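Novice: Single-letter residue listing:
There are 4 protein chains.
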Amino acid sequence: MKTNRMEAFSDGVLAIIITIMVLELKPPEIIDKEAFKILIPTLISYILSFIYVGIYWNNHHHLLYKLSRLNGQVLWSNLHWLFWMSLIPFSTAWVGMNPLETVPTIFYGVILLFCGISYLLLQRKVVHCEGRNSDLAKEIGYDWKGKITMLLYATGIIFAFWVPLISYIIYFVVAIGWFIPDSRIEKTIMK
Amino acid sequence: MKTNRMEAFSDGVLAIIITIMVLELKPPEIIDKEAFKILIPTLISYILSFIYVGIYWNNHHHLLYKLSRLNGQVLWSNLHWLFWMSLIPFSTAWVGMNPLETVPTIFYGVILLFCGISYLLLQRKVVHCEGRNSDLAKEIGYDWKGKITMLLYATGIIFAFWVPLISYIIYFVVAIGWFIPDSRIEKTIMK
Amino acid sequence: MKTNRMEAFSDGVLAIIITIMVLELKPPEIIDKEAFKILIPTLISYILSFIYVGIYWNNHHHLLYKLSRLNGQVLWSNLHWLFWMSLIPFSTAWVGMNPLETVPTIFYGVILLFCGISYLLLQRKVVHCEGRNSDLAKEIGYDWKGKITMLLYATGIIFAFWVPLISYIIYFVVAIGWFIPDSRIEKTIMK
Amino acid sequence: MKTNRMEAFSDGVLAIIITIMVLELKPPEIIDKEAFKILIPTLISYILSFIYVGIYWNNHHHLLYKLSRLNGQVLWSNLHWLFWMSLIPFSTAWVGMNPLETVPTIFYGVILLFCGISYLLLQRKVVHCEGRNSDLAKEIGYDWKGKITMLLYATGIIFAFWVPLISYIIYFVVAIGWFIPDSRIEKTIMK
Chain A
7 MKTNRMEAFS DGVLAIIITI MVLELKPPEI IDKEAFKILI PTLISYILSF
57 IYVGIYWNNH HHLLYKLSRL NGQVLWSNLH WLFWMSLIPF STAWVGMNPL
107 ETVPTIFYGV ILLFCGISYL LLQRKVVHCE GRNSDLAKEI GYDWKGKITM
157 LLYATGIIFA FWVPLISYII YFVVAIGWFI PDSRIEKTIM K
Chain B
7 MKTNRMEAFS DGVLAIIITI MVLELKPPEI IDKEAFKILI PTLISYILSF
57 IYVGIYWNNH HHLLYKLSRL NGQVLWSNLH WLFWMSLIPF STAWVGMNPL
107 ETVPTIFYGV ILLFCGISYL LLQRKVVHCE GRNSDLAKEI GYDWKGKITM
157 LLYATGIIFA FWVPLISYII YFVVAIGWFI PDSRIEKTIM K
Chain C
7 MKTNRMEAFS DGVLAIIITI MVLELKPPEI IDKEAFKILI PTLISYILSF
57 IYVGIYWNNH HHLLYKLSRL NGQVLWSNLH WLFWMSLIPF STAWVGMNPL
107 ETVPTIFYGV ILLFCGISYL LLQRKVVHCE GRNSDLAKEI GYDWKGKITM
157 LLYATGIIFA FWVPLISYII YFVVAIGWFI PDSRIEKTIM K
Chain D
7 MKTNRMEAFS DGVLAIIITI MVLELKPPEI IDKEAFKILI PTLISYILSF
57 IYVGIYWNNH HHLLYKLSRL NGQVLWSNLH WLFWMSLIPF STAWVGMNPL
107 ETVPTIFYGV ILLFCGISYL LLQRKVVHCE GRNSDLAKEI GYDWKGKITM
157 LLYATGIIFA FWVPLISYII YFVVAIGWFI PDSRIEKTIM K
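Same order as they appear, the protein sequences are chains A, B, C and D. Per the numbering used here, the very first residue in the first sequence carries number 7; after that it's consecutive. Per the numbering used here, the very first residue in the second sequence carries number 7; after that it's consecutive. Per the numbering used here, the very first residue in the third sequence carries number 7; after that it's consecutive. Per the numbering used here, the very first residue in the fourth sequence carries number 7; after that it's consecutive.
The shape of chain A in the complex, shown without the other chains:
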């Protein structure tokens, strides 16, 4: 019962995050064909962030689906994770307005990195709450994938100092990496 409340609140916040990014898309002043050129980096950054929020939404469901009880630490870890998630629209807007610039690219990477770290922390608290011998704990295991993702974000942040384009390629590759093996989650939840 209590889990439902936290899920509903998180869903609400994620639904708002995924939608308000659109408010940061400013209609271009120009209305000839050039306008599309200006729109492209903005739209690409929007797509990237949309995919990230979508992946997190899916994973978050998966994580809470098997959680039977709550404690204060899970609650605050969840809010902590939502805090970093809530900075995605802001960093997306900055990146969209200044494509391929070093500082916004670093900032975007740092936000992704902290979204990931806070999610791993939430995961740990959930496992702790559920017990180390629970099904959930076994399923998550050591979470190599989560840890490699953190490393890739860090690499992306470092590349931003020289070639921001590579950073974005890394960010996209990570997104695709999480997007594809959705089938694994499917096996566990849906059947």
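Worth double-checking, as some hints may not be accurate.
All copies of an identical chain are treated as equivalent in the list; a pair is satisfied when it fits inside any one copy or across any two copies.
What the hints assert, rightly or not - Simulated crosslink set (SDA-like; lysine to any residue; CA at most 20 Å straight-line): (1) K72 / M12; (2) K39 / W82; (3) K72 / T9; (4) K131 / F185; (5) K39 / V116; (6) K151 / N65; (7) K131 / W82; (8) K32 / L49; (9) K39 / W184; (10) K32 / L127; (11) K144 / H68; (12) K39 / A14; (13) K144 / M103.
What the hints contain is simulated information worked out from the structure, not anything from laboratory work. Because the structure is a prediction, the values reported are computed rather than measured.
Place chains B, C and D on chain A using the hints.
Specialist: Using the frame of chain A, we list chains B, C and D on its own:
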């Protein structure tokens, strides 16, 4: 149970989409009677988009109402459709600020077109998930109406190169066409 | 079951309407004591609109609480009402920026008037759906109060041509009139 | 049942409040390392407000969790509290744009103070509705903590006239004070 979660999330996103369009309406600087003249194109584009989101909300309910289980493909098709829906406020704002201009009109039509295409894809995935012999599959059938709508959007986009006004007339006609046979949906769901 | 979905969607939209009005409040550029003077009309218009949305939220609950089934007409009447409600933040912002000016005051009154009219229409559709002999129909009755409110809004709009201040006084009086006899609703619902 | 509706509406409004604060964060024009310096006060004010909304969300749940019935006074006290909460994004934006300035600091403190006062009022109405001998009434007791908090906010507002920095330190200390003894709430709810 799982269907409920996806429905609730989609409802949340659609509720936000339909509401944040208002944030794109900027109060005019002028405060004499001329202000209403400036407001009119903005309000018309808002009304059009509001009707579209309302229609999609109704149809989406209808579609998920009979769906008994979920898979990852339905989940991601739904997010894909929400992505295109989420661009409606942005394109509405652009159109409202530049009424009867070619480029924004094309952009608006393209967004409507992709909302429609992604909805048809979602519909196909839902039918696939539910089974080809299910009631849902029979009810949807070949969906001539959906396909003709796509054709009309494409026609609207082409007309935008010469007479944007005709594009908007087409967009409105499509909206009315979906709005009226609501009685068919009513027969199926409500009784 | 179906009523719940419509209620949840309406609640979502109303929650967003009541909250995004804040986004229209722009922090003043000045940061000395003069800033408060600029803030006052904005805050007053915000308070007025907040009370109106709060009252409508309460009444809408009351209306749907006893509704046992739905049809397409109720659904679209509800969306129609939400359309006018969604224009409240916009008109509040305009009024807050141009206090005591004729055109924004008229616009604000017109929005309130249409919120009221569309609510009365929704009420009629709900009664029609539930049946003329239902408890709900008897409770609502001829709804003198609703009709007098419409008349007061119209009076407010007319006064806006000469003395906008009187319009606001009327708008406030109506709000208070709906706010106070909350006890009547309480009697019916809560017990 | 009725309590659920009010909880869901409040959750919706709080989810929006906590998220739209991000919309007030404007991406800086500058994109070199200086940008981070401009971002810092904005981010700090955002963090502070995020923690406050998080704490209130937790406490609000705690308060309503044991409430078995509703009356109109609880309903309107809740809306009254949400009104003050809804001003947090606005005051956060103002403070973030003008760090360590007297007037915005006072305004921020006043909003916090009224959030607290309206919460205490809501608490009183809830206790009144539930009965003076209820478990809830005993648990809340005289609520020394709530009253001391009000005093600290008032102290913060007074300090803002001379050293706004001290005001923020007080606001942070209060937040930490509410954040830590979460364990007490945990004991009551979670077990």
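Novice: Hint by hint, note whether the structure agrees.
Specialist: Going through the hints against the structure:
In the homo-oligomer, the alpha carbons of K72 and M12 lie at most 20 Å apart both inside one protomer (14 Å) and across protomers (17 Å), since each shortest distance falls under that limit. Within a single copy, K39 and W82 get their C-alpha atoms no closer than 48 Å, and across copies no closer than 32 Å, so neither meets the 20 Å cut-off. Taking identical chains as interchangeable, the C-alpha atoms of K72 and T9 lie at most 20 Å apart whether they share a chain (10 Å) or sit on different chains (16 Å). Proximity of K131 to F185 under the C-alpha cut-off of 20 Å is restricted to the inter-copy arrangement: shortest distance 17 Å between copies versus 24 Å within a copy.
When the C-alpha separation of K39 and V116 is checked against a cutoff of 20 Å, the pair qualifies only between copies, where the shortest distance is 14 Å, while the shortest distance within a copy is 34 Å. In this assembly of identical chains, K151 and N65 lie within 20 Å of each other by CA distance solely inside one copy; the values are 13 Å within and 36 Å between copies. Within a single copy, K131 and W82 get their C-alpha atoms as close as 10 Å, which meets the 20 Å cut-off; across copies the closest is 28 Å, which misses it. When the C-alpha separation of K32 and L49 is checked against a cutoff of 20 Å, the pair qualifies both within a copy, at 11 Å, and between copies, at 18 Å.
Proximity of K39 and W184 under a CA criterion of 20 Å is satisfied in neither setting, with 35 Å inside one chain copy and 31 Å between copies. In this assembly of identical chains, K32 and L127 lie within 20 Å of each other by CA distance neither inside one copy nor across copies; the values are 35 Å within and 29 Å between. For the identical chains of this complex, K144 and H68 are intra-copy neighbours only, at 14 Å inside a copy versus 32 Å across copies, given an alpha-carbon limit of 20 Å. In this homomeric assembly, K39 and A14 never come within 20 Å of each other (Cα to Cα): the closest approach is 43 Å inside a single copy and 38 Å across copies.
In this assembly of identical chains, K144 and M103 lie within 20 Å of each other by CA distance neither inside one copy nor across copies; the values are 43 Å within and 47 Å between.
Comparing the model with each numbered hint stated earlier shows that hints 2, 9, 10, 12, 13 do not hold.
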